[in-house]
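Asker: This is what each chain is made of:
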Amino acid sequence: MEKIKPEAGEVIPWEIHEKEYEKILGDKEILKQQWQNIEVIAFRFIWAILTDF
Amino acid sequence: MADDMEKLYNERLKRYATANRNEKPDRIPIRPFAAEFTSKYAGFTSQEVTHDYEKAFEAVRKCAKDFSWDATVINMIYVWSGLVDHFGQKYYKIPGIELDPNAGFQYFEPADEEGAFMKEDEYDELIESPTEFLTNVWMPRISNNVVSVGEPNTYRNNMAWLKGGLSLMAYGGAAGVAVEKLKSECGTVSCVSGPIKAPFDILADKLRGFRQVSIDVYRQPDKVEKACEALMPYLYMNAKVASDPAKQVPVSVWLHRGTMFSKDMYERFFWPTLKEIIIKLWKEDGIQTIWYAEGNWDKWLKYTAELPEKSIIYHSDKGDIFEVHRQVGEKFAISGGIPNDLLAFGTPEEVKEYCKKVIQTVGKDGGYLMDASAIIQSDAKIENMKAMTEATLEYGVY
Chain L
-19 MEKIKPEAGE
-9 VIPWEIHEKE
1 YEKILGDKEI
11 LKQQWQNIEV
21 IAFRFIWAIL
31 TDF
Chain U
40 MADDMEKLYN
50 ERLKRYATAN
60 RNEKPDRIPI
70 RPFAAEFTSK
80 YAGFTSQEVT
90 HDYEKAFEAV
100 RKCAKDFSWD
110 ATVINMIYVW
120 SGLVDHFGQK
130 YYKIPGIELD
140 PNAGFQYFEP
150 ADEEGAFMKE
160 DEYDELIESP
170 TEFLTNVWMP
180 RISNNVVSVG
190 EPNTYRNNMA
200 WLKGGLSLMA
210 YGGAAGVAVE
220 KLKSECGTVS
230 CVSGPIKAPF
240 DILADKLRGF
250 RQVSIDVYRQ
260 PDKVEKACEA
270 LMPYLYMNAK
280 VASDPAKQVP
290 VSVWLHRGTM
300 FSKDMYERFF
310 WPTLKEIIIK
320 LWKEDGIQTI
330 WYAEGNWDKW
340 LKYTAELPEK
350 SIIYHSDKGD
360 IFEVHRQVGE
370 KFAISGGIPN
380 DLLAFGTPEE
390 VKEYCKKVIQ
400 TVGKDGGYLM
410 DASAIIQSDA
420 KIENMKAMTE
430 ATLEYGVY
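Respectively, the protein sequence lines represent chains L and U. Per the numbering used here, the very first residue in the first sequence carries number -19; after that it's consecutive. Per the numbering used here, the very first residue in the second sequence carries number 40; after that it's consecutive.
Treat the hints as calculated values from the structure; they're not laboratory data. All C-beta atoms, glycine included, are put in the ideal place defined by N, C-alpha and C. Do not take every clue at face value.
Covered stretches of chain U, going by a simulated chain L footprint (3 or more residues, C-beta under 8 Å) [what the hints assert, rightly or not]:
hint : segment
1    : 113 to 120
2    : 123 to 135
3    : 164 to 173
4    : 201 to 207
5    : 222 to 232
6    : 274 to 281
Please work from the sequences and hints to get the whole structure.
Answerer: Dropping the structure here:
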């Protein structure tokens, strides 16, 4: 099984996802920023279930 | 927001923040952590406030207005059973379902190895990748709907993830509105932000269960220690991302099992990783922590005293609040200490007298916040809650 080993604050790191694009013709930072914004929310969901609910 | 309400809110925020920093405000802030008491007072059943968070928020607002609370939690009945229902968690008993509609919700911890949500030989997997372990192993075990990796996928599995995520988003959005309403309608400060659990408590509460982890500390102590270290950065980040961006409202740590072990075990398994989380939040992020010492933590006061000055607000439950004040009152603000049994069974005169004693000793130089010892449930008498407010307004002015 694939092991991702995400750090705190992420679930599928940008560095892994970035490699899944065949190419990026535009601004990579726009993609990265939006990816990471939702990463934090997904991280919080997993850990909130553990700590809050 | 009306000008007078904004003025009231700003006064209370200043009072709350000043006391939290162990300084002397204009008077002692009233900052109750009130749960089922709020539903009793507002005329709701426990089922209503557990399952309908808007009613829970409304009940808190009614209490905040009527009891002149400076700061409080927007909803101390923290388990919204709607999310539990959608995601399918197994470990809660919910009022109105398995419990009487007026009972408080209950957590059922795994009692044996067979029921444990993490097995004794799974430490390495947790240590290697905590978030993946939670997602792939722990969640399928705690949910009736989520399936393990490798099992055939199901419609219910897909819907559990979808509805679980949407539920948390819905609750988070509503909580933001509730914070604003508490401010604009009551002039009251939402007193707490992100949650911390000690890494060891997470192992004991939600992963292995206390009985199992009590065996692990003898049979595989190195793995328990490494698991606490592996969980630490994730629990730190979990608190940080849910904290107040303005850094005026502290996060809170709910302390559970640390008092049940020997000094050697506390020093090895419980204290180092919790200490590091709190110091990191304070030194790197400027975030204070409410040290909610459930039970009696007096025997560990010398360790707590190692934390940086002002980094915590020490909440005293069943400990001796006067001893807490003697030992750590110079370094940290202190809250609580008004016995819940006094609020449940005492008279208003007895409550006022006890509050006066705490105010005039623990609170004499500032750095004290009025609250019950433990979370206030439905057994607290309304007249005694009024007496707690009256005593603070009468004796707590500097």
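Asker: All hints, please: hold or fail.
Answerer: Going through the hints against the structure:
no.	hint	in the structure
1	113 to 120	holds (count 3)
2	123 to 135	holds (count 3)
3	164 to 173	holds (count 5)
4	201 to 207	holds (count 3)
5	222 to 232	violated (count 0)
6	274 to 281	holds (count 6)
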